[in-house]
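Q: Residue numbers (our numbering), protein chains in the order written: chain A, 1 to 238; chain B, 1 to 113.
FYI, nobody ran anything at the bench for these hints, they're computed from the structure.
Watch out, some of these pointers could steer you wrong.
Claimed, not checked - FRET-style restraints, in silico, Cβ to Cβ:
{"hint": "1", "chain 1": "A", "residue 1": "Asp107", "chain 2": "B", "residue 2": "Gly89", "range": "22 to 32 Å"}
{"hint": "2", "chain 1": "A", "residue 1": "Asp156", "chain 2": "B", "residue 2": "Leu60", "range": "48 to 58 Å"}
{"hint": "3", "chain 1": "A", "residue 1": "Glu187", "chain 2": "B", "residue 2": "Arg86", "range": "23 to 33 Å"}
{"hint": "4", "chain 1": "A", "residue 1": "Asn128", "chain 2": "B", "residue 2": "Ala94", "range": "46 to 56 Å"}
{"hint": "5", "chain 1": "A", "residue 1": "Ser90", "chain 2": "B", "residue 2": "Ala17", "range": "26 to 36 Å"}
{"hint": "6", "chain 1": "A", "residue 1": "Trp160", "chain 2": "B", "residue 2": "Ala17", "range": "46 to 56 Å"}
{"hint": "7", "chain 1": "B", "residue 1": "Ala94", "chain 2": "A", "residue 2": "Trp160", "range": "23 to 33 Å"}
{"hint": "8", "chain 1": "B", "residue 1": "Ala52", "chain 2": "A", "residue 2": "Phe106", "range": "32 to 42 Å"}
Since we're looking at a predicted model, the values are computed, not measured.
Even for Gly, the Cβ is constructed at its ideal location relative to N, Cα and C.
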Amino acid sequence: MQTLAVRIWRGGADGDFQRYDVPRRDSQTVLDVVTHVQRVIDPTLSYRFSCRVGMCGSCAMTVNGVARWTCRTHVSKVAVNDTLELAPLSNLPIVKDLTTDMTVFFDKWASARGQFKGDKTRADDFANVVPETPARKAADAAIECIGCGVCYASCDTVSWRPDYLGPAALNRAWSLVNDVRDTAQNERLRAIADDAGCHACHTHTSCAERCPKSLSPTAGISGLKKLSARAAIRGELD
Amino acid sequence: MKPSTQAKLWYAQRISAMVLALCVLVHLVTILYAIKSGLSASAILSRTQGNAAFAAFYGLFVVAVAIHAPIGLARVVEEWLGWRGRSLGIVMLALAALLTAMGARAVWGLYGG
Numbered sequence: 001m002q003t004l005a006v007r008i009w010r011g012g013a014d015g016d017f018q019r020y021d022v023p024r025r026d027s028q029t030v031l032d033v034v035t036h037v038q039r040v041i042d043p044t045l046s047y048r049f050s051c052r053v054g055m056c057g058s059c060a061m062t063v064n065g066v067a068r069w070t071c072r073t074h075v076s077k078v079a080v081n082d083t084l085e086l087a088p089l090s091n092l093p094i095v096k097d098l099t100t101d102m103t104v105f106f107d108k109w110a111s112a113r114g115q116f117k118g119d120k121t122r123a124d125d126f127a128n129v130v131p132e133t134p135a136r137k138a139a140d141a142a143i144e145c146i147g148c149g150v151c152y153a154s155c156d157t158v159s160w161r162p163d164y165l166g167p168a169a170l171n172r173a174w175s176l177v178n179d180v181r182d183t184a185q186n187e188r189l190r191a192i193a194d195d196a197g198c199h200a201c202h203t204h205t206s207c208a209e210r211c212p213k214s215l216s217p218t219a220g221i222s223g224l225k226k227l228s229a230r231a232a233i234r235g236e237l238d
Numbered sequence: 001m002k003p004s005t006q007a008k009l010w011y012a013q014r015i016s017a018m019v020l021a022l023c024v025l026v027h028l029v030t031i032l033y034a035i036k037s038g039l040s041a042s043a044i045l046s047r048t049q050g051n052a053a054f055a056a057f058y059g060l061f062v063v064a065v066a067i068h069a070p071i072g073l074a075r076v077v078e079e080w081l082g083w084r085g086r087s088l089g090i091v092m093l094a095l096a097a098l099l100t101a102m103g104a105r106a107v108w109g110l111y112g113g
């Protein structure tokens with residue numbers, strides 16, 4: 001039987017790669033490979049997954065140096081000479097093996113005012129948002145993010161500036177900035193226009209290149225720069 | 001740095017970049033034309049001295065450089081050296097003043113001689 005030589009990161013930040021030989025199967029995903037190792041070879045291997053069909057975003061790892069959803073990545077697409085190298089996502093602290101601590105990642109969503117804030121109650125009628133308006137279309141383009149962390153792990157700016165809010169949090173802010181029902185817009189723009197916010201982005205576009213949902217946080221960040229500049233000129237950020 | 005200041009600086013750099021893109025293009029075409037035509041330095045100066053359009057164009061060029069360069073350099077220094085805050089702002093203002101003074105001297109050499 002054909003086998004795959006798989007190198008998997010074991011341990012914490014000071015860990016190392018360990019080699020496992022995994023049977024090669026048809027239509028095999030990288031998540032299938034990790035699951036085989038954990039169930040058949042070494043039950044102490046830690047990794048995170050849930051839905052297995054690209055809905056939850058929890059199985060993202062670094063596959064041959066590139067952050068990907070392992071459930072939606074076929075081995076045939078990424079294996080080089082029947083070898084794979086699997087590591088935890090970059091730019092996040094390692095808990096153990098392939099599992100990262102995503103606390104900082106989600107804290108940054110909160111710092112970027114990623115929460116919706118409205119002024120209606122359940123007694124009010126539904127908000128009427130016309131789908132064809134530019135703001136609704138802009139929100140639509142960003143709203144499908146499921147928080148997998150692939151963009152964050154792929155961002156060079158995050159790697160050399162750890163306090164940078166990062167593409168996912170700013171993408172979330174962009175979808176809310178375009179939500180006409182939201183009432184915390186200036187507060188949000190103040191949160192994302194500071195030193196470690198949208199202006200720290202270098203437009204490398206790795207986030208847009210790697211996003212499994214084909215979103216473009218880069219475009220949203222560019223939009224945030226323009227909106228915050230206009231708000232600053234109007235004195236709304238003071 | 002305050003978010004409003006940060007956003008305004010980004011705007012200033014964006015607009016100065018647009019001005020520079022135009023200025024650099026015009027400047028390159030001008031010097032290529034002057035060299036191709038075989039004009040000597042004195043022949044060039046005889047055309048620029050007293051020419052208000054030349055002075056205004058290069059004056060704008062200098063202002064755009066004095067705005068654009070310190071903002072960009074400050075970002076590089078912040079990221080690479082971790083130096084930020086008031087002291088960096090003062091040094092960058094001094095750089096802007098230096099660029100303005102040096103540029104103004106050059107423009108005056110072109111216009112007033």
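Q: Each hint should be assessed against the structure and marked as holding or not.
A: Cross-check of the supplied hints:
1. For the hinted restraint 22 to 32 Å between Asp107 (chain A) and Gly89 (chain B), the CB-CB distance of approximately 29 Å keeps it satisfied.
2. In this structure the supplied range 48 to 58 Å is violated for Asp156 (chain A) paired with Leu60 (chain B), their Cβ-Cβ distance being about 35 Å.
3. Under the hint 23 to 33 Å, the C-beta atoms of Glu187 (chain A) and Arg86 (chain B), about 25 Å apart, fit the expected range.
4. The hinted range of 46 to 56 Å is satisfied by Asn128 (chain A) and Ala94 (chain B), whose Cβ atoms lie roughly 54 Å apart.
5. Between Ser90 (chain A) and Ala17 (chain B), the C-beta spacing of about 31 Å keeps the proposed range 26 to 36 Å intact.
6. Roughly 23 Å separates the CB atoms of Trp160 (chain A) and Ala17 (chain B), a value that falls outside the hinted 46 to 56 Å.
7. The given range of 23 to 33 Å is respected by Ala94 (chain B) and Trp160 (chain A), whose C-beta atoms sit roughly 27 Å from each other.
8. The given range of 32 to 42 Å is broken by Ala52 (chain B) and Phe106 (chain A), whose C-beta atoms sit roughly 59 Å from each other.
Hint compliance for this structure: hints 2, 6 and 8 are broken, all remaining hints hold.
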